[in-house]
Amino acid sequence: MSEICAAIDVGSYEISMKVVEIGGKKGVRELDHVKRRIDLGSESYASGKLGTGHITEICHILNDFRQVMKTWGVTRFRACGTSALRESSNSSVVLEQIEKRTGIRVELLSNSEQRFLDYKAVALKNEEFERIIEKPSAIVDIGGGSVQISLFDRNKLVTSQNLRMGVLRLRESINRMGIGLKKLNPMTCELIRAQLSVFSRMYLKDREFPNIIIVDDYIAPILQKKKILGEIGLLSETSEKYPRGVVSASNLIRFMDSVPTEAQGANCDRLGISYDNLTLVYISGLIIKCIAEVMKTETIWAPGVTLCDGIIYEYAEKRDVLSVRHDFEEDIIASAYHLSSRYKGNRRRSELIGELSLGIFDAMASIHGLGEREKLLLQIAAILHDCGKYISMMNLGDSSYAIIMATEIIGLSHKERQIIAGSVRGIYAAVPEYDRKEAANALLDEYARMTILKLTAILRVASGLDRSHLKKLKGAAFSLKDDKLVISTDTAADITLEKKLFSTRAEFFEEIFGIRPVIRNQRGG
Amino acid sequence: MAKKEKKTNVPDLRNPAYYENRELSWIAFDERCLHEARNEDNPLMERLKFLSITASNLDEFFMVRVASLKDMVDAEYKKRDIAGLTASEQLERVETKLHQFVDEQYATWNKMLLPLLTENGIEVIRSARELTEEDEAFVDRYFDEFIYPVLTPMAVDSSRPFPLIRNMTLNIGALVTKKDGSGETEFATVQVPGGIGRVFELPPEGDRRRLVLLEEIILRNMPKLFMNYDIVCAATYRVGRNADLSIDEDEAEDLLKEIEKQLKMRQWGRAIRLEVDRDIDGRLLSHIRGELAVEEHEIYRIDGPLDLTFLMKYYSLSGLDSLKEHRYVSKQPVPALSREEDLRDIFAKIREGDILMHHPYETFDPVVRFVEQAAADDDVLAIKQTLYRVSGNSPIIAALARAAERGKQVSVLVELKARFDEEHNIVWAKMLEQAGCHVIYGLVGLKTHCKITLVVRREEDGIRRYVHLATGNYNDSTAKLYTDIGLFTCEEDYGEDATAVFNMLSGYSEPVVWNKLCLAPLWLKTRILTLIRRETDNARAGLPARIIAKMNSLCHEDVIAALYEASCAGVKIDLIVRGICCLKAGVPGVSENITVRSIVGNFLEHSRIFCFENAGNPEYFCSSADWMPRNLERRVEIMFPVEKEQQKQKLRHILDTELADTEKAHLLQADGRYVPAMNGDGPAVNSQKIFGDEAEQAVKHRGGSDSRVFEPRTAIE
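Sequence order for the protein chains is A and B.
Under my numbering, the first residue of the first sequence carries the number 197, and numbering increases by one thereafter.
Under my numbering, the first residue of the second sequence carries the number 930, and numbering increases by one thereafter.
Bear in mind the hints are in silico, worked out from the structure with no lab data behind them.
Mixed in with the good hints, there may be bad ones.
[Claimed, not checked] Partial pick of chain A residues on the chain B-facing surface, computed with a CB cut under 7 Å: (1) E217; (2) G220; (3) G223; (4) L227; (5) D228; (6) V230; (7) R232; (8) R262; (9) K266; (10) T267; (11) T271.
All residues carry an ideal CB built from backbone N, CA and C; glycine is no exception.
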């Protein structure tokens, strides 16, 4: 039996809801998509919080949405809030009030979680997506507050950066500066390029990205309409070959350069958009144009997906109604290696620590009770175990923690990043923190704190096994025997150092798991 | 966007000389209605009905359009209309025409219909003076018992100001003098009560039926109303005002603003039309005229009873069936829904395939049943519907209320501003709200004129949407008299669009893409222009190009200019426009490929059907919208495509039959006159009659068999 679900996105400039039928003949079938304008972003970005007026308005809209849900007999829904809510200092109060007044619990998404949902929605267009990322590609996810640019390297998403030049934020700057429609084009481009130049120097260097994928609310809907594209001269041979939403970058750039921005009425008519959308369409178009220029893009694909799609797809995936061909875990691993190499990490040691940690993790499966996801976090922590040394060899733990927390890895939630960062820091602490009063731990929940402790214990043993950095214990085997974790090796190397230094690390391991790790050299060492 | 081409010999198609003024064109329409009153082929009662219709049409025209023109003149609005006329020029021409028209109405009454009534044994007593003594006693008794108690006679003198004479009421004015001879002549007035039937039947004389009008009985009894006075003279009069109505939505926005600015200066309730008995005493008239401040050209001297709408009452007198029309068949079952078991599960029938209905020949009942079934069906989650004008005791409203009470999500868009229906609409909107319906009142500044119903139903294989789209209102009463098209479908594309329509009407953002429907005010005008221009381009490229369009009114300048351009490019264009048409047909070098015909018949032509040849692959559309500025720019309207081959043929057959009509069609001439279509040597064609006969045949053909196959009708051309 199919299920009727709804996804709600409380965004910076509009609140939208998609209602879908999941599990019917079509897998996921969209039934309804409603949107209502509400400019939360302007207030939130300017004053840092949301006032009663806006809270009441949100509640009105959500109550209206409940009526729409009733129309379809919705049985399950998920509501997510993004940057405007996230950036308002009173978000907890806002969420509480909303729940009291509408019965809808809005969940705050971190930037990387939000982008990951967008990304998933894109990746679910399996064939098209795989075809696009065959060539070096980027996802440009344009929001109200910021733009997220994620770069692909050999089919894998390896880095992702957030630029504070979302359409609303730019429009605010433009309004503040009193720029009229006539000068909109050059002035906006100037603002965008200022931000892009840093990004391009740091992350693009001279690389080219022939394909970019656009996620936005303004240009994508237009690119979806072949008829309009034909009328404004954006259709080309490329568009014919590809599915809906594909245009050539040079055509789009030419169009943005030549569009008479002041001819409002005519443009609304040509583009089939409403008046109040017009400026935002221009700005979004200019962002795409500027990015396409620095990336030397040839083809632009706007699959027309939204955050609501991401929320729904994630649920559909859980229900096994949909499956994504793309392996997001590989993205996360590739991103971690990419990050590690940026900070001159030692890849081979990372690999060894990873190998040892995962060996311990598997052997301890019946004890630690962690799952596949935590295993992935462990692997990432191993990869990033030494990234902080780029900044300070003395404060390796804290520096690593800071780097990991400051770098977004698409596919990991904020909490997961905290777990990784905390576990890496724990490797280097004299005594790992498991006091919940500790500043960094205080904000974490029980699960996160425990996971950090468990992963730290494993990582400390693993890195202790390579104390000398000579990879003497490569190929070690792990097995659980009574209350001991037996680490068997048949190395011919002298492992005295490892054995001596092992005891403090083993103590902590024992404290956490009640299991004592011991090293046994088969050669009788 | 229009391509700018070098046009050397092509005339300026926007030249006002190529456009007809819409008010004059409207009067021409009322003349065509009058033609039906004069048409000897029509039975007598039908002719009376048509005459009555011309009168009620005219009242509305005065209240809305003439009032509007006067507003424009008062506001010193300078803009010229589509035909290049200023407001005062229009007013002058319109008033001249109206005087002629009213004379024609009464000539029809006096010279044609009255004698015919007599011939048919019905005597209309024109004045109480013609009554016999017995009759006098009879009517006086009736006066004393029933009429006198509800009358409010009012005398006017220096201490009592002139009373407010209410808009469109019938009154009797009199000059009176005190019986004691003191004082001067005074004016007195009394309203002929609206609550008492205006037509009074006297006891028959043999087999002759005799009718007298209420005002004649009152006139005869005037002395009883003003006991201390002598009646010097008395006569009926009637005032039309531009009072208590909002500014007509047809007007341009800048005019509305202008009038708004001048609102304080606007003479609310100003009299703009005064009808008086032709024989009124000169002193009495000048008194009334002075008090109402009407000008000479606003006075209509009537040769007969004022306000001919009473003739509709004649129609409902019993025993006159033989004088009525019986040749027209209507209300036959819809072929796909002709058996009771079909009707019992309309959803199942719609799942079998789209159903296109042609009302009133095919009954409107399935639409009512559709809503009723949705209300009763446990699997239905939601019903959404737009309501513009509904009947007094609407079964649809009752069903919607029931559905809401059963816990379904019922959203009803109520258009409160349907002209002259406001109060009525508010009453049942409140009732729906009380039943738990979600009543929405549409979008600010835009009337919701589209007709659409959406039913969301949960079925075994998932959610399914059922949609009904139509050219006419959800009004089971008018559906018996108006010709309209309705479509039932459960195709996903239509369903998605229908959801989007209701979202838009609830204030949610427009959808990114529409699948099938095209909506005004956002897209429809552009779409129509594009469709016309495609024909133009095709004609220029030597491809087949043709447009057949049927609607109620055509007065959008952009659309007309596009049609002229198409005509110049060689597109053959046949228009069936019942009412106002600002396009001039057959003008050399401008519109010689365009024909315009108007059908005024037994049923009110109301459907809008458009056919575009599309280079040999014709596209058909139905719509709630006329090609008028108000429909295309200031209303929410829908145009929907009809894509199934059989149904396209059905629409084509309707258009072809109407184009072949020789009995009820008038053809617009290049000089602006409408002349009756002649059949020449061919057979007489009455399209409305044919449709009725065909609907009947279709049912007979189908009989009890289970065949669902339509028989494609052969075109008449």
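Right, here's what the structure says about each hint:
1. E217: Since the shortest Cβ distance to chain B is 5 Å, the answer is holds.
2. G220: Since the shortest Cβ distance to chain B is 4 Å, the answer is holds.
3. G223: With Cβ-Cβ at 11 Å, over 7 Å, it is violated.
4. L227: holds, 6 Å
5. D228: Check passed: Cβ of A:D228 comes within 5 Å of chain B, closer than 7 Å.
6. V230: Where the cut-off is 7 Å and the nearest Cβ of chain B is about 4 Å from A:V230, the hint holds.
7. R232: holds, 6 Å
8. R262: The hint is violated - A:R262 has no Cβ within 7 Å of chain B, the shortest such distance being about 10 Å.
9. K266: holds, 5 Å
10. T267: This interface hint holds because 4 Å falls under the 7 Å limit.
11. T271: Check failed: Cβ of A:T271 comes no nearer than 11 Å to chain B, outside 7 Å.
Of the numbered hints given earlier, the model fails hints 3, 8, 11; all others are met.
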